[in-house]
Amino acid sequence: MAIAIRRVTKRFGEFVAVDNVSLAIASGSLTALLGPSGSGKSTLLRIIAGLEHPDEGDVSIHGEDATGLPPQERGVGFVFQHYAAFKHMSVRDNVAFALKIRKRPRDEIRDRVGELLRLVQLEGLANRYPSQLSGGQRQRMALARALAAEPRVLLLDEPFGALDARVRKELRAWLRRLHEEVPVTTVLVTHDQEEAMDVADRVAVMNEGRVEQTGKPRDLYEHPANEFVMSFVGPAHRLGEAWIRPHDLEVRQEPNGTSTEAMVERVVHLGFEVRAELVLGDGRRVSAQVTRNEADELELREGQIVFVRPSRTHVFSAVATPPGHS
Amino acid sequence: MAARLGLRFAALGYLAALLAFPVGLVFWRTFEDGLGPVWNAATNPEALHALWLTVLIALIAVPANTIFGVICALVIVRDRFRGKTLLNALVDLPFALSPVVIGLALYLVYARTGWFGGWLVDHGINVIFALPGMILATIFVSLPFVVRETVPVLREIGTEQEEAAWTLGASPLTAFFRVTLPAIRWGVTYGIVLTTARAIGEFGAVSIVSGSIAGRTETLTLHVQQRFQGFDLTGAYTASVELALLALITLLFMTLLRKETPVGDSDSPGDETLR
Numbered sequence: 001m002a003i004a005i006r007r008v009t010k011r012f013g014e015f016v017a018v019d020n021v022s023l024a025i026a027s028g029s030l031t032a033l034l035g036p037s038g039s040g041k042s043t044l045l046r047i048i049a050g051l052e053h054p055d056e057g058d059v060s061i062h063g064e065d066a067t068g069l070p071p072q073e074r075g076v077g078f079v080f081q082h083y084a085a086f087k088h089m090s091v092r093d094n095v096a097f098a099l100k101i102r103k104r105p106r107d108e109i110r111d112r113v114g115e116l117l118r119l120v121q122l123e124g125l126a127n128r129y130p131s132q133l134s135g136g137q138r139q140r141m142a143l144a145r146a147l148a149a150e151p152r153v154l155l156l157d158e159p160f161g162a163l164d165a166r167v168r169k170e171l172r173a174w175l176r177r178l179h180e181e182v183p184v185t186t187v188l189v190t191h192d193q194e195e196a197m198d199v200a201d202r203v204a205v206m207n208e209g210r211v212e213q214t215g216k217p218r219d220l221y222e223h224p225a226n227e228f229v230m231s232f233v234g235p236a237h238r239l240g241e242a243w244i245r246p247h248d249l250e251v252r253q254e255p256n257g258t259s260t261e262a263m264v265e266r267v268v269h270l271g272f273e274v275r276a277e278l279v280l281g282d283g284r285r286v287s288a289q290v291t292r293n294e295a296d297e298l299e300l301r302e303g304q305i306v307f308v309r310p311s312r313t314h315v316f317s318a319v320a321t322p323p324g325h326s
Numbered sequence: 001m002a003a004r005l006g007l008r009f010a011a012l013g014y015l016a017a018l019l020a021f022p023v024g025l026v027f028w029r030t031f032e033d034g035l036g037p038v039w040n041a042a043t044n045p046e047a048l049h050a051l052w053l054t055v056l057i058a059l060i061a062v063p064a065n066t067i068f069g070v071i072c073a074l075v076i077v078r079d080r081f082r083g084k085t086l087l088n089a090l091v092d093l094p095f096a097l098s099p100v101v102i103g104l105a106l107y108l109v110y111a112r113t114g115w116f117g118g119w120l121v122d123h124g125i126n127v128i129f130a131l132p133g134m135i136l137a138t139i140f141v142s143l144p145f146v147v148r149e150t151v152p153v154l155r156e157i158g159t160e161q162e163e164a165a166w167t168l169g170a171s172p173l174t175a176f177f178r179v180t181l182p183a184i185r186w187g188v189t190y191g192i193v194l195t196t197a198r199a200i201g202e203f204g205a206v207s208i209v210s211g212s213i214a215g216r217t218e219t220l221t222l223h224v225q226q227r228f229q230g231f232d233l234t235g236a237y238t239a240s241v242e243l244a245l246l247a248l249i250t251l252l253f254m255t256l257l258r259k260e261t262p263v264g265d266s267d268s269p270g271d272e273t274l275r
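In order, the protein sequences belong to chains A and B. Position one of the first sequence corresponds to residue 1 (our numbering), numbered consecutively onward. Position one of the second sequence corresponds to residue 1 (our numbering), numbered consecutively onward.
The set of hints was computed from the structure by calculation and includes no laboratory data. Treat the hints loosely; a few may be bogus.
[To be verified] Taking lysine-lysine and the DSBU-like style, the derived pairs with C-alpha atoms no more than 30 Å apart in a straight line are:
#, chain 1, residue 1, chain 2, residue 2
1, A, Lys87, A, Lys216
2, A, Lys216, B, Lys259
3, A, Lys216, A, Lys169
4, A, Lys103, A, Lys87
5, B, Lys84, A, Lys100
6, A, Lys87, A, Lys100
[What the hints assert, rightly or not] Simulated restraints, written as ranges between beta carbons of each label pair:
#, chain 1, residue 1, chain 2, residue 2, range
7, B, Gly118, A, Pro70, 56 to 62 Å
8, A, Arg106, B, Thr43, 49 to 55 Å
9, B, Leu181, A, Pro70, 18 to 24 Å
[Stated by the list, open to error] Far from chain A, some chain B residues (derived; all Cβ distances over 12 Å):
#, residue
10, Tyr14
11, Ala16
12, Phe27
13, Phe31
14, Ala64
15, Leu74
16, Leu97
17, Ala105
18, Gly114
19, Gly118
20, Ile157
21, Gly169
22, Ala170
23, Val179
24, Ser212
25, Ile249
The beta-carbon is built from N, C-alpha and C at its ideal position, and this holds for glycine as well.
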């Protein structure tokens, strides 16, 4: 295991930010810590980096107990949401910082910085200052800076959170490729489930300081362990005791055995898919996701009466207590 | 348009009538009779000593307040403890208290009959009517500037850059000198300029603790008063011009420092516009 977190708890005054969390992160993996704000994911990342100290529990990195080590000695690279660029240094000096601290020879620094700038596609901008870069460029510079000292572990705290949607998507794909090129164990914190599914090969879903479920993106989506994971990872509606995904709701023009009557309140076109927002007979609202062809066949329009039937539901045992936690 | 012109006229007129005109008049009166008398007044041993003393006190008080001011700002912004509000208020005390009261307070502590002074005098250290007291008084009155100018910039930069430096292997001290200090340098510099101006111009507190002994404990400001009261107007004007020139040199120094800043490395709010 590259990172092993055992029974870690962190409190800020009365608030329990991380609550008895154990988590193992495999070497070379790209793991996402996914959760809403205040779920403790950033605090957990900062504990791995040594920027926060756990009140209880321990952290080991590559088999070595790191709990008492300061951030300087952990061999981690850290990337902050707001870049934390050294504004008074050029791009080149930012990237060279870790190497200069280690007093590496001048030639080696020059070569390594050149190599890193190529890797993050900023070759031509070495003499610029961070204020002359776009947000996406600044974050790529921060990544190069974090990679300079060849960390054993790369930690990314909402790295794309401050960027606009298009740049986010580009950087995600780019990060994925970078990870294949430089397969350093990476932990990414995000509140965006799409981002976690897109980039990570493993996802740990966090809520109120606890890890609710860990698994491959697809497993979390298909087999959520509890109601929280069901509702946080992908869209979901509650229908009585059961939970249902919008694409698991069959929509027909004619009644069919167990189907329920519903009125189309709104039709939203999302390109290939169409989302129909429906009101059931008892006033509850659900949405159904169908392909554009299906929508055309059904001639979906506002005010229309349709008949719906869930093709697949998820039922969780009464209370949403995560397994292994008491 | 007319309204804006009116505002401009009001602002400039106010400055001209209250500041520029009286100060300009000092310069004019100084050089009224040519350079000869000015030169004589400036090279008089007492005047030279006063100039030297003013510069010496500033050279000690300003670095002391700079180092303490940055440390104090770090504590105010980053530390959390009971009584922090009190510390914050205490820093402003020299602003609130009249310098004369500060001088008197120092006198009460350090004079031979004072609370602590007797012991010091017995050990051969004279504070009152001597250089140490004048330095203490100057440090006291010029203490808040670096703190007050540094706190907002320190708060604005946050701790992320420093934390980034730690994860990159920099020790806390290295991170401070290579990352945090450069990031707050304009706040600190402006604080230093204000501290210097205040230290050079200090009169009230120093006048009480120094005893104004010509040629020994007389700074430039005290020299101006002595000469003025002794009807040596040329002497008073010349020392005043020297004070103004010292202030000007301080300002010039800051402007030159700013010019050396590389392009794009600005603290201006336009920073975030390139996206």
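Quick rundown of the hints versus the structure:
| no. | hint | in the structure |
| --- | --- | --- |
| 1 | A:Lys87 <-> A:Lys216 | violated (38 Å) |
| 2 | A:Lys216 <-> B:Lys259 | violated (55 Å) |
| 3 | A:Lys216 <-> A:Lys169 | holds (20 Å) |
| 4 | A:Lys103 <-> A:Lys87 | holds (22 Å) |
| 5 | B:Lys84 <-> A:Lys100 | violated (37 Å) |
| 6 | A:Lys87 <-> A:Lys100 | holds (17 Å) |
| 7 | B:Gly118 <-> A:Pro70: 56 to 62 Å | violated (48 Å) |
| 8 | A:Arg106 <-> B:Thr43: 49 to 55 Å | holds (53 Å) |
| 9 | B:Leu181 <-> A:Pro70: 18 to 24 Å | holds (20 Å) |
| 10 | Tyr14 | holds (36 Å) |
| 11 | Ala16 | holds (38 Å) |
| 12 | Phe27 | holds (39 Å) |
| 13 | Phe31 | holds (44 Å) |
| 14 | Ala64 | holds (26 Å) |
| 15 | Leu74 | holds (18 Å) |
| 16 | Leu97 | holds (37 Å) |
| 17 | Ala105 | holds (39 Å) |
| 18 | Gly114 | holds (45 Å) |
| 19 | Gly118 | holds (48 Å) |
| 20 | Ile157 | violated (8 Å) |
| 21 | Gly169 | violated (5 Å) |
| 22 | Ala170 | violated (5 Å) |
| 23 | Val179 | violated (6 Å) |
| 24 | Ser212 | holds (45 Å) |
| 25 | Ile249 | holds (26 Å) |
Hints 1, 2, 5, 7, 20, 21, 22, 23 from the list above are not met by this structure, while the remaining hints are.
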